[in-house]
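Letter by letter, the chains look like this.
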Amino acid sequence: MMTVKKTRLVVIGNGMAGIRTIEELLKMSPDEYEITVFGAELQPNYNRILLSPVLSGEMKFQDTILNDWSWYEDNHITLHVGKTVSKIDRFRCRVETEDGLVVPYDRLLIATGSNPIMLPVPGMTLPGVLAYRSIDDVEKMLIAAKTGKRAVVIGGGLLGLEAANGLSLQGMEVSVVHLCDWPMERQLDKVGGGMLKEALEKRGLKFYLARQTEAILGEDKVTGLRFKDGEEIEEDLLVMAAGIRPNIQLAKSAGIHCERGIVVNDTMQTFDPKIYSVGECVQHRGQTYGLVAPLFEQAKVAANHLAQYGRMRYEGSSVSTKLKVTGIDLFSAGEFNAGIGDEELLLQDTARGVYKKLVLRDNKLRGAVMYGETMDGPWYFQLMRDGTDVSELREHLLFGQMHLGDSGLGGVSSVAAMPDNAEICGCNGVCKRTIVNAIIDKKLFTLEEVRAHTKASASCGSCTGLVEALLQNTLGGDYSAKSSKKAICACTEAAHQDVPRAIQDLKIKTMAELMQALAWKTPDGCHVCRPALNYYLMTAWPGVYQDDSRSRFINERVHANIQKDGTYSVIPRIWGGMTSPAELRSIAEIAERYQVPTVHITGGQRIGLYGVTKENLPKMWGELVEAGFVSGHAYGKSLRTVKTCVGLDWCRFGTQDSSGLGIKVEKMTWGSWTPHKFKIAVSGCPRNCAEATIKDFGIVCVDSGYEIHIGGNGGIKVRVTDFLCKVETEALVLEYCGAFMQLYREQAHYMERTAPWIERVGLAYVKQHIVEDAAGRAALYARFLESQRYSQDDPWKERAEGKDAHEYAALATIA
Amino acid sequence: MNWIQVGALEDIPRQGSRVVNTASGEIALFRSIDDQVFALNNRCPHKGGPLSQGIVHGRRVTCPLHSWVIDLETGSALAPDVGCAHRHEVRIAHGALFLEIKDHAI
Ligand code: SRM
Ligand SMILES: Cc1cc2nc3c(=O)[nH]c(=O)nc-3n(C[C@H](O)[C@H](O)[C@H](O)COP(=O)(O)OP(=O)(O)OC[C@H]3O[C@@H](n4cnc5c(N)ncnc54)[C@H](O)[C@@H]3O)c2cc1C
Ligand code: SF4
Ligand code: FES
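These protein sequence lines are chains A and B, in that order.
Residue numbers for the first sequence follow numbering that gives the first Met the number 0, so the first one is 0 and each next one is one higher.
Residue numbers for the second sequence follow numbering that gives the first Met the number 0, so the first one is 0 and each next one is one higher.
Chain A on its own, in the form it takes in the complex (with noise of 0.2 Å):
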């Protein structure tokens, strides 16, 4: 057999950032490298991040390790610990290591990491003066615990207040030297830095602040430390966590370009385009990073670079800070300091130890500073990453996203002060402790992980800002929330917003091209996937594509809903709620011939017929549809309902015909398809017996024309309708409706309900495009009704004539 010889990978480093890109790289390209591993520590690949808890004794040093030794050999990756790489042979291509081993690459990784910022002042090299960065660093100071009484922290950062909780939980009396009139300067404004430092005394840490230090103390081994001032202070241990700087030294000398960190390109490849470089060590667009989430980013695009993908590109990230102390909630992104022109949003409520500060500018979130109350930090990173416009939501803003109210927990204001009991996801029946617990056991770090292990969330996805604030508070820092630029499934590296403009710029028909433009991982998609494509192209090209119903969903391929016994459900479109004793008495007869189990009056003003077999379809639907009646599309991410009131006929305070225009509405609707369902109702006065402004399209009459609505949603989370104009006839509303459908159905995600879909874009956009700018809106309608021309056929009546007829026969029957 002839063995093809593999490209040859080094990797410098064996710590978060090298180790994450190799598992990407794994992922994609499993067979493509023969690859070697240099790791200066001894252990291998463990969770840096998690050396807190480690020190503070809530965890143990085993449960930090990500990749084992048995997870090296079973890839086939040759990993030297304990070796430090002293050369890079650009010229040669190959690595040296201090003690003289040679190996050769054709493409090397660089992921060295930091080093910490050692203060250049007199007595820094003596025994009991540490770092904070190892396991090895951790270990050495717990030791130092066991012996010493006292001990010293320089720099009252992230770090620096971990190490020195971490020590003071050993036993020991620890205090905290910081140059800055607060803690955590860089992430915290002067009133959270307050409240953190006070919080931090109780606990009994002290603070020495705005102080600098001259010396340290001590013959053999420290023994104190003297500040400017002239005053001493004595010591058994002292840490440095004053910073750290970017360790590039064996890159510079190899001549590779070096700033502040390595300089990479979008890429990650450095100057050198056989070199490639992730993690602390590296400088991109002039930013350097240390925190993980923005290394775990990093990483993908270099695997994906490597794995010869050559898709994706990495664009800097912006980052968030939880700070590890058990009890302590401070979380701090973007700019926190209002600049000139930027407006504060501010909540203190002392007694209970909450603080909240927001900074807008141009109504975007430029930053979020929160002390004692964290939920929400997750959904204000995503407001502030998405650059959402929030002057919408700005009234309810620093109160919060109010995820809670939604789970059915009410009251609790903080995931860290929920009992483990306290069920998440109420879908699933999936509570605190299985999802703390799974976190930890199976190392999980993203939603995604979470939502396959638990299933918390699952579901209707109600409880994601939870599981999400589990994750934060478990792990550390924020480097698992969802980007904003989110794959649609693991088939792919695009996400929702990259196919419509795929589609448009390459003017692409066909679900196979469109895989192939994207560089979809899998042959055929997947039930995620293939829908939303299928949704995309049928949107761009009415008419002229073909419905895939191998990528729809069961229900909207038979256009009936499956029961959880593999039944159906038929529901007829009752046009505008309103019947006859005629229709009443088809649908009775169809039901009793059928031996329909269950008849019940729908929540959207319709029959529901329930429990038929799926072989009864064609035939029950045939005499629906002689009977006049139309698939009511209940099953679909389509017009569901328009739900009306008796209005002007009837009411004594109705103000004009609100079930008459209900109908032509229908009408005019009825068969399109959606992102996700769409729901409309039309009232007759404003007490909205219909429930218009709970619907994705809701109009109000009024003596002097109609209130249109838009974005309500009832269901899981319920948001109320934005107002967003009144016009003067039917006509019109006819128009709004249509154009409003038509910019929905072109600009939001698949699966995006209008409501969050509208807090996505904002209110200001949708006015923008059907209120201010009317041949915008006629060219939506326009477009609206072009494509209402290919979907207004009533799917039952072409089945009951033949259609799909395999979909509901057995394809044999053996005795």
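Be careful, since some hints might not be right.
[Stated by the list, open to error] Derived coverage of chain B by chain A (criterion: at least 3 residues anywhere in the stretch with Cβ under 8 Å from a Cβ of chain A; other residues may be distant):
1. 6–20
2. 52–61
3. 81–91
[What the hints assert, rightly or not] Chain A stretches covered by chain B per the calculated footprint, using a threshold of three residues with CB under 8 Å from any CB of chain B:
4. 58–65
5. 514–520
6. 803–814
Worth flagging that the hints you see were computed from the coordinates, not collected in a lab.
Ideal Cβ positions, reconstructed from N, Cα and C, are used throughout, including at glycine.
Since chain A is already given, all that's left is putting chain B with the ligands on it; use the hints.
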């Protein structure tokens, strides 16, 4: 052990499924995009959902009820879910489909 002809390859749509009724229950036949045919009990190991109604992708099918993903080659649910919809042997000969019916119950 019997091989029974149950139809032809083209009776099953590509990325689709058809059901064969047997004395001991329904068997679902799936045709993947590359024209391989697989047979499993038409009962999801989770709560008995009809797998034949699911979306077929690669060599997998997603159950229509709660989206478990089942491997068509083995009948096993994809991790972390656990369970198996037992598989049956199928052969394609000159476009005709033969299903192996074991004597013991399905
Ligand atoms: C049949 C009906 C219940 C009934 O017997 O009354 C119903 C039944 C289902 N609803 Fe509903 N909903 C029904 C009215 C509603 C209403 C009331 C309304 O439309 O005024 C709501 C709240 C209003 C809203 O949507 O904003 C409603 C909010 C939901 C939701 C939550 C949607 C959300 O965005 O939060 C879901 C879940 C989903 O769509 O993902 C849902 C999903 C479902 C599904 C499709 C669940 C499923 O996937 O199997 C149920 C299908 C049962 C079936 O076999 O037909 N149903 N559902 C109602 C059909 C009305 C109709 O004539 O078409
Ligand atoms: C105590 C602590 C707590 C933290 N908490 C958080 C947190 O809560 N949230 C968060 O997001 N981030 C946190 N961080 C930061 C996070 O751990 C780092 O951003 C991350 O580990 C950086 O990954 P890296 O791969 O770039 O570097 P590292 O993980 O440091 O890996 C670099 C590796 O390269 C090795 N190496 C260096 N030079 C050579 C050489 N010449 N030859 C061979 N090997 C070499 C090093 O020994 C090291 O093992 C924390 C860090 C510490 C120390
Ligand atoms: S509320 Fe809707 S989704 Fe829930 S059980 Fe009732 S019909 Fe089904
Ligand atoms: S029955 Fe198949 S996933 Fe639940």
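Against the structure, the hints:
1. Counting residues of the region 6–20 of chain B whose CB lies closer than 8 Å to any CB of chain A gives 11, so the stated coverage by that chain holds, three being the minimum.
2. A stretch counts as covered by a chain when three or more of its residues have a beta carbon under 8 Å from one of that chain; for the region 52–61 of chain B and chain A the count is 8, and the coverage holds.
3. As drawn, the region 81–91 of chain B meets chain A at 0 residues by the rule of a beta-carbon pair under 8 Å; below three, the given contact is violated.
4. With a cut-off of 8 Å between beta carbons, the region 58–65 of chain A has 0 residues touching chain B; three or more are needed, and the interface restraint is violated.
5. Evaluation of the coverage hint for the region 514–520 of chain A: breached, as 0 residues show C-beta separations to chain B shorter than 8 Å, against a requirement of three.
6. Given as covered by chain B, the region 803–814 of chain A passes the check, having 7 residues with a CB less than 8 Å from a CB of that chain where 3 are the minimum.
Consistency with the previously given hints fails for numbers 3, 4, 5, ordered from lowest to highest.
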